[in-house]
Structures are given as structure tokens and as C-alpha cells.
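Chemist: What follows is the residue order along each chain.
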Amino acid sequence: MSEPSDRLKKDLTRHFKERVIEAVLFLAAFVSVFTTTAIVYILVSESWVFFQHVPLTDFLFDTQWTPLFDDAHYGIMVLLSGTITSSAVAVLVAIPLGTLIAIYLSEFAPFSVREVAKPFLELLGGIPTIIYGYFALLFLTPLLQKIYPDLPGFNLLSAGIVMGIMIIPYVASLSEDAMRAVPMALREGSYATGATRLQTALRVVVPSAISGIASAYILGISRAVGETMILAVAGGMQPNLTFNPAQPGATITSFIVQVALGDLPHGSIGYQTIFAAGLMLMLLTLVFNLIGFYMRKKYREAY
Amino acid sequence: MNQQELQNLRSMIVAHKRWDYLFGVLGILALMLGLMTFVALFSDMAVNGLARINVEFLTSFPSRRAANAGILSAWVGSVLVMVVTAFAAVPLGVAAGVYLEEYAPKNWVTDIIEINVSNLAGVPSIIYGLLALGLFVYTFGLGQSILTAGLTLALLILPVVIVATREAIRGIPQIIREGAYACGATTWQVVSDHIVPYASAGILTGVIIGMARAIGETAPIITVGALTFIAFLPTAPFTGEPPAGLFDWLFAPFTVMPIQMFNWTSRPEAAFLNNAAAAGFILVLMTLTMNGLAIWLRYRLRKNIKW
Chain A
55 MSEPSDRLKK DLTRHFKERV IEAVLFLAAF VSVFTTTAIV YILVSESWVF
105 FQHVPLTDFL FDTQWTPLFD DAHYGIMVLL SGTITSSAVA VLVAIPLGTL
155 IAIYLSEFAP FSVREVAKPF LELLGGIPTI IYGYFALLFL TPLLQKIYPD
205 LPGFNLLSAG IVMGIMIIPY VASLSEDAMR AVPMALREGS YATGATRLQT
255 ALRVVVPSAI SGIASAYILG ISRAVGETMI LAVAGGMQPN LTFNPAQPGA
305 TITSFIVQVA LGDLPHGSIG YQTIFAAGLM LMLLTLVFNL IGFYMRKKYR
355 EAY
Chain B
-18 MNQQELQNLR SMIVAHKRWD YLFGVLGILA LMLGLMTFVA LFSDMAVNGL
32 ARINVEFLTS FPSRRAANAG ILSAWVGSVL VMVVTAFAAV PLGVAAGVYL
82 EEYAPKNWVT DIIEINVSNL AGVPSIIYGL LALGLFVYTF GLGQSILTAG
132 LTLALLILPV VIVATREAIR GIPQIIREGA YACGATTWQV VSDHIVPYAS
182 AGILTGVIIG MARAIGETAP IITVGALTFI AFLPTAPFTG EPPAGLFDWL
232 FAPFTVMPIQ MFNWTSRPEA AFLNNAAAAG FILVLMTLTM NGLAIWLRYR
282 LRKNIKW
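Sequence order for the protein chains is A and B.
So this note's numbering is basically just the index in the first sequence, starting at one, shifted up by 54.
For the second sequence, position 138 (counting from the first letter as 1) is numbered 119 according to this note's numbering, and the numbering increases by one without interruption.
Each hint can be trusted.
Output of the computed footprint for chain B on chain A, the stretches with three or more beta carbons under 8 Å from beta carbons of chain B:
| no. | stretch |
| --- | --- |
| 1 | 65 to 76 |
| 2 | 166 to 179 |
Okay, derived cross-link-like pairs now, DSSO-like style, lysine-lysine, Cα gap no bigger than 30 Å in a straight line:
| no. | chain 1 | residue 1 | chain 2 | residue 2 |
| --- | --- | --- | --- | --- |
| 3 | A | K172 | B | K(-2) |
| 4 | B | K284 | A | K172 |
| 5 | A | K172 | A | K351 |
| 6 | B | K87 | A | K71 |
| 7 | A | K351 | B | K87 |
| 8 | A | K172 | A | K352 |
| 9 | B | K87 | A | K352 |
If the Cβ cut is set under 10 Å, some of the chain B residues that face chain A in the computed set are:
| no. | residue |
| --- | --- |
| 10 | T91 |
| 11 | I93 |
| 12 | L112 |
| 13 | L116 |
| 14 | A193 |
| 15 | T246 |
Calculated from the structure, these hints are not laboratory results.
We put the CB at the ideal spot given by N, CA and C, even for glycine.
Given these sequences and hints, build the entire structure.
Modeler: This is the structure:
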């Protein structure tokens, strides 16, 4: 047996170059891990300093939020109430409408309607949130004031409604994806027994896709909780412990914007409050995202 | 089956069909509501802002008098920030996507990276602002500059670019890779000569969608500390004294379109609200154009490529 030709020998430089490229690409992918670590590190380390000054019990149970006053109180409950109220309004708008649109697009709409509606929804989802904030403050609030004259100029209601409209495309497209993943055979079986499209949709398709739909809802809620600009523009930015959407209120996110707009010196306690508030927000959305992630994984395994 | 039962059955079928029809109408109404919001939003801004949009509006700095104010520093700032974002996010995102699809072994490290990418996509944008404030502004000392803002937005849209890259790569049939490997190509040769070129249109779609999102982001830029009133332009890129002066623009204070709009929206005078409408109209037009371009690209891609 003769020796293999030189050209087939193991080429060390070629091998080395491949390894270097692989390492560089790996580092690029690892940026995501680095980002998460950095977020957690920054939030925790700045909040750590904050909690040296403010006891955790005050943070969780105080009913006032006045971090920039002389008589400073740090009750995150006040900001949480704003976040919960506005998100609840948003969810009450987005979930019924989003589900309706998803069922319609997945089970009812003719091909041509779907071809137009899906890109349109995508465009709607791509509009900057500052624009939605402007819309809530200067279009929807005056409109609502005609029906309900006592409504203040800044309120959580119109911010919440517009926030709901903003997340409709998100909820609708994720739910629709879940419904489209249901195998055609299930639908055909249902139709064969004489069911209408509505019966098939509600009793066969939706129950089969329920974990995907639920994950769409949860990711939608997480979006609402993290939404900032709509609330900063139309919500009023006044800390207010209330669950009445017809009042102005500050949320965790709009408080951060409010502080960032002012001139707080680096390292002051006021500067650190935004990191403590951010940590709270991060934990909230993380819980929702993990539940959503888990549910989506579960439905992927189903078929 | 007697007449009575048949009658009952018929009326039941009619009732079910009616419900079916009703639901279809309801679905169209829900879609129409979305369309109406869109029309209301667009026409409201057009009615209030269109009168303000002229050459002067685009070439004037913000001013205390609403009639003289313009968006010159805002759009220039937006463009410069977008340049930084694109230069950071595109190579990083594409490299990460290529690694995850073509190189990554199936092990716990890869799992961690994947979980992180999908988790980062759900992190609220304002958290990225806090990250940038703590990390870029104070730890790295980059200041409240164009560079900081661009890098922040790059991190923000990185998941979008990675996911788009992965999806585009996944659409390439295995035989392409096998063919190249059979000719003796290394992994990198396969990737750089085949995978990335074939996936480029799909990647481009993702990049445009990401950039459209970045250009409208307000919250993280406010947190980083963009100023709301800027009456000068950063030095034009690559015109300063070389070598250090070439990058002066990266460290300049800046403002961007959405922040200018936010600033005007929070003023009580109606004249400033009209300016906000005008700036908003231009901003919406920009994001709609970019998103529309991406959607059209994807549509063409789906129609034209037959493996």
C-alpha cells in the first residue's frame, strides 16, 4: 500500500484556523450569557447598597413612595399597584380580542384575508411605544372624557387600553401559531362528525393548543408589565396606591423614566432606588417568562 | 326517525350555522378594530402634524418657540446611533446564530446559551437601560454618548437578529452542507461560502425588523441619559484630527427622534404638541417603511426560493 499523497495529510494551520474561528463564534454566542449576568450583577449590586439604607420590610410593606422627598418612604407596593392596575386593563383588552383574532385567522379566514391580516398585525406591533403613548394621551383620553367627564387628563385607564391594543398582535400571532400547530387530522375528524367551524375551533383546536395559547397570554402579560413609554406619557407618573384605573398613577417602569429624566448624582440613594425598582421588575417579568417558556416547551412536545 | 325529530335536528343545525357565521363576523370586527386604531393613530398625527413638516422642520434645532423648533439634532442623533447599533448587532448576532446552528455541540453550555437568548428577548427594554447605565456609563466610563446608546440598542435587538439568523439557516437543506463537506470543505468554508450567503436574505429581514424596533425605542435611551434639548450636532463622523479625532462623534452627547417627541408631548402648549405629532408622523413613517420592507423581502423569499 502506497503512502497517501501530501495533499491529504492533516494540515495543522488549517486545523488551527478552524478552531480559532469556532472560538470567536462561540464568544459571540456567549454575549447573551454575559448580558444576562451583567444585568443581574448590576441590578443586585446597586440594590444591595439600597437595601443597606432601606430595610426590606419597609420596601415591601410601606404604603408610601416618596423617595425624592425629605421624608423619604420606599413602599414599592405603591408602584406595584400602578403596574398591576394598568396591566390588568391591558390584559382585559388584549386577551379577548387577541384570542378572537387568532381563532378567526387560524380557523375561519380565507387564505387571502390571512395573507393581508398577518403582515398588517405585524406592522401594528412594530409601531414605537412612544407613538402609542401620544395616542393614549391626546386621542383616547379626550375621547373617554366625553363619555366619562370626571376622568383626569392623566390616567391608567387609557394608558392600559392602548397598551392592550399594542399587545394584541403579540397575543394573536403567538396563539395563532399554537393553533396552526394542531394537526389537520384532528380538525378533519371533527368536521367528519358534522361539527361546524366554530364547534371545531372551540372544542377541538383550542383545547389541543391550550398550553401554547396560555403561554401567549403569559408572555403578553409580561410585555404589559414591562411597558414603559405609554405609561410615562399618559399615566401621570404620580405615585398613587390605588387599583382604580380611572386615576393617575406611577408604575415601576414610569418611575425609572421619571428619575432618569432628572439629574440625580451617581451613587445617591435616589439613583439606587431605580435599580431596586428595576430588580423588582426583572423578577416579575422573569417569573412570567419562565412560566411562558415552560408552557411553550410542553406544547411543542405534544405533537 | 319521525318528522318531529327531523325538525329538531334541522333547527339545531341552523342554530349552529348561525353561531358559526356570527363568530366569523366577530372575528372580522376584531380585526377591523385593529385597523381602525391604526387609521385613527395615523390620521390624528397627520392632521395635527402635517402642517409642521417642511424643510425647515428637518433642518432646525429644537427651540423654546414651537414655531421655530425642528428635529435636526434628533434625526441626526437617531441615524448615528443606528450606525453604531448596526455595526455591533449584525456581526455579533449573525456569528451567534451561525455558532448555534452549525457549530454548537449538544451539551449544557449550548442549552444555557439558548435559554439566555430566549429569556433576553423577553426582558423589558428599560432593564437594558439600567444595564447600560451601570455598565457602559459608569463601569466602562463611556459616558452618556452615542456609543453607549448604540451598544445598548444593539444588545436589545441581538435576540431578534440571532433568531432570524437561526431560522434562515435552518431553512437551508442538509444536502447543501453534505455536498460541500463531500468536496473536502472545512466547517468554516461551508459556513462562509454556502450557509451565510444563502441565508443572507433571511438575515437581512431580521436585521431590518430589529433596526425598526431600535429606532423607536425610547425608554432605554432616556435611562442612559440622552439629553432632551440639544442645539448642536456632534462632529461629523471621520472628520476630526486622526487618529483619535476620527471617533469623536461616538462620545458626543445626543438626542434621538423618540426622545424629542417625548419631550414635546410632555409640554402643555398646543403648539409643541403639533411638533410632537409631526415628529411622530415621521417616526411612524420610518418604522412602517422598514417593517414593510422586511415583510416584502420575506414574502419574496418565500415565493422565489425553491431548493
